[in-house]
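Visitor: These two chains come separately, so use the hints to put the complex back together.
So the sequences go chain by chain: L and F. Numbering-wise (the working numbering), the first sequence opens with residue 1 and increments by one. Numbering-wise (the working numbering), the second sequence opens with residue 204 and increments by one.
Quick caveat, the hints were computed from the structure, so don't treat them as lab data. Mixed in with the good hints, there may be bad ones.
Said to hold, decoys possible - With a straight-line Cα cutoff of 27 Å, these simulated DSSO-like cross-link-like pairs (lysine-lysine) come out:
hint	chain 1	residue 1	chain 2	residue 2
1	L	Lys74	F	Lys335
2	F	Lys236	F	Lys335
3	L	Lys125	L	Lys142
4	F	Lys249	L	Lys169
5	L	Lys142	F	Lys335
Unchecked claim - What the simulated footprint calls covered on chain L by chain F, stretch by stretch (three residues with Cβ under 8 Å from a Cβ of chain F suffice, anywhere in the stretch; the number is not a length):
hint	segment
6	37-50
7	103-114
8	192-198
Every residue gets a Cβ at the ideal spot worked out from N, C-alpha and C, and that includes glycine.
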Amino acid sequence: MTNPIKKGWSLLTAIWRGATRPAKYLSIGFLTLGGFVAGVVFWGGFNTALELTNTEEFCISCHEMRENVFAELKSTIHYSNRSGVRATCPDCHVPHNWTDKIARKMQASKEVYGKIFGTINTREKFLDYRRTLAGHEWDRLKANDSLECRNCHSEESMDITAQSTRAGKAHQTFLFTGEKTCIDCHKGIAHDLPDMTGVPGWE
Amino acid sequence: MKLKYLSVAASLVLVALAGAAVADGIATLRGGKEIQETPDAPAIGKTENKDLRRVRNYPEQPPTIPHDIRDYEVTRNANKCLSCHSRTRTGDSQAPMVSVTHFMDRDFQVLATISPRRYFCNQCHVPQLDVKPLVENTFEDVEDLIKREAKGND
Chain L
1 MTNPIKKGWS LLTAIWRGAT RPAKYLSIGF LTLGGFVAGV VFWGGFNTAL ELTNTEEFCI
61 SCHEMRENVF AELKSTIHYS NRSGVRATCP DCHVPHNWTD KIARKMQASK EVYGKIFGTI
121 NTREKFLDYR RTLAGHEWDR LKANDSLECR NCHSEESMDI TAQSTRAGKA HQTFLFTGEK
181 TCIDCHKGIA HDLPDMTGVP GWE
Chain F
204 MKLKYLSVAA SLVLVALAGA AVADGIATLR GGKEIQETPD APAIGKTENK DLRRVRNYPE
264 QPPTIPHDIR DYEVTRNANK CLSCHSRTRT GDSQAPMVSV THFMDRDFQV LATISPRRYF
324 CNQCHVPQLD VKPLVENTFE DVEDLIKREA KGND
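Just chain F, same shape as in the assembly (with noise of 0.2 Å):
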């Protein structure tokens, strides 16, 4: 019988945490609608295609990918991205290709082609979408750090 209790006095609680969590403004990937109710989905943005190289926001970022991927094959049997990516193809598409750290295996050992660990280019290169970010992102960059320490050391 306390153990009920307890568990009510429990939910209570955590329903009100929840209740306290709407009005600060937590729960906005909801769009402020009660839980009961579904939320309109947001619009799917459309893939940035604009062929221009985006600044890395820090030196070991995997650049994303300028352009629409729809459809492109990277499987065991082919890699569309290396149609245009690889060593050899460079000419021809006057695409950037791919960095010599993915030719390197586990061992730092540079092979003649791609690094079979290398080889599935998005788990860690994607496209862009054009859309407004969900929650607010305080990143900055090293560089502006710098700087600004720079500034204050002054």
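Pulled out of the complex, with its shape left as it was, chain L reads as follows (with noise of 0.2 Å):
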């Protein structure tokens, strides 16, 4: 029997030495159209894998977000309104920007990790780390200002005559100054709320 750690090494360091010489049989087109095919295969491969985990139906395929999340998602304005126009999971959660997408996706192995143990899997658990949860989406928006809001909400297209006084108000004295960014005033209106003991502006 050979050590499997010595079996292994010399596999390694085989490849090494076949990766580092010049080919011996293929031809220099081949071997660069070749690459350039495989590379598109790859990266197209890759988008398209990464785009398919963007996706509702994909987030809702585990029943951890199908019967909280999602199941409260329903019945506010971001899912069922007057004209149609509806936010899905990733519009919200997921920045749009490619490498804000793949550095968030990465942060998102840790959620692979807490499906595989069970984490939330059932409603009580979800519950208990709710507030854990829902402080780490504040703390991303307030973060990047907003920026998954500010995807659809814009500033300048606001008409504050069209709105109510008041939020056309607040609106003035604390958007259009800077003071606030939307998820200061705008939490839970998505989702249900954790307990908000301690949470500023919920005294």
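Guide: Following this line, the structure appears as structure tokens:
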């Protein structure tokens, strides 16, 4: 019996030796064109897989999302409204910009861990953990100046005369001056709230 | 056998009475439709959202909410109303503060914050829809009664 570590090491060195020497049988044309085609396939495949995980169907394929947050979303204005334009999970929870998206997707690997080990696999566990999870989203939106809100709700296009008096006043005093960002006031607009004890503005 | 006749007679009387009620216009809530037919549901009214305080109909009336409260959460976890109407938030919001009576417990002891028994705002305070009343309302403001009384005594 050979030592498995030794065996693995010799395989690695063989791969390295093969990769660092010029090709013996394959033409340069094949290698460049083949590399190009393989690159397109890999890149396309990667992006397709990425976009596949960026859909509501993917999110609600797990009961944790489908039976908690998605069920709560359904009665809110971001799901049901007069014009029928609606927000899906990734519209608010995944940045649209590519680099930010990848960063968020890398963070999401922790959510895969949570799924495997059943961190929130019952309603009770989810409710116990909700304040922490909500806190993550509030912090994220606070840090990026509510970017995901602003992907649809633009300050420039906001006609405050069409808003109710108090909404118009609040937006003029706090939003347009940059004193506050969307998430500071609009918490829990798409899902139920956790215990808000100690959250500023909810005294 | 006798009982059967009696019950038939009783139901006939009931039907006759119901017919009379329709004729009297009591059944207006059904839109004058026969009992077998399903009347069209009236359109759902829009919430009045003018932010203007409404006059109370009597001094103890819980003021009605002059704005939309769709999706405002009032639960054990959170109270959206208080994020504007609580004492400490009125500076930012310029909203009327929750009345001090709401700080009292049942022994009229004033607490530091809203008394738990007054926490669920929508038990008494409700928004108003812009709709025509289904039935006539003959309510009179007590001020009008006093005025009329004073006039009568002249």
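Visitor: At least three residues with a C-beta closer than 8 Å to a C-beta of chain F: is that true for the segment 103-114 of chain L?
Guide: violated (count 0)
Visitor: For the pair supplied as a hint, L/Lys74 and F/Lys335, is the alpha-carbon distance within the 27 Å limit?
Guide: Cα-Cα ~30 Å, so violated.
Visitor: Measure nothing beyond the straight line between the CA atoms of L/Lys142 and F/Lys335; if it is 27 Å or shorter, mark the hint as holding.
Guide: The hint is violated at about 44 Å.
Visitor: At a Cβ distance under 8 Å, does chain F reach at least three residues of the segment 37-50 of chain L?
Guide: violated (count 0)
Visitor: Examine the segment 192-198 of chain L: at least three residues should have C-beta closer than 8 Å to a C-beta of chain F.
Guide: It holds: at least three residues are needed, and the segment 192-198 of chain L offers 5 whose Cβ sits within less than 8 Å of chain F.
Visitor: For the pair we were handed, L/Lys125 and L/Lys142, check the Cα-Cα distance against 27 Å.
Guide: holds, 26 Å
Visitor: Is the hinted pair F/Lys236 and F/Lys335 satisfied, with a Cα-Cα distance of at most 27 Å?
Guide: Roughly 19 Å separates the two Cα atoms, so the pair holds.
Visitor: Given the hint that F/Lys249 pairs with L/Lys169, test it: the Cα-Cα distance must not exceed 27 Å.
Guide: holds, 22 Å
Checked against the numbered hints given earlier, this structure breaks hints 1, 5, 6, 7; the rest are met.
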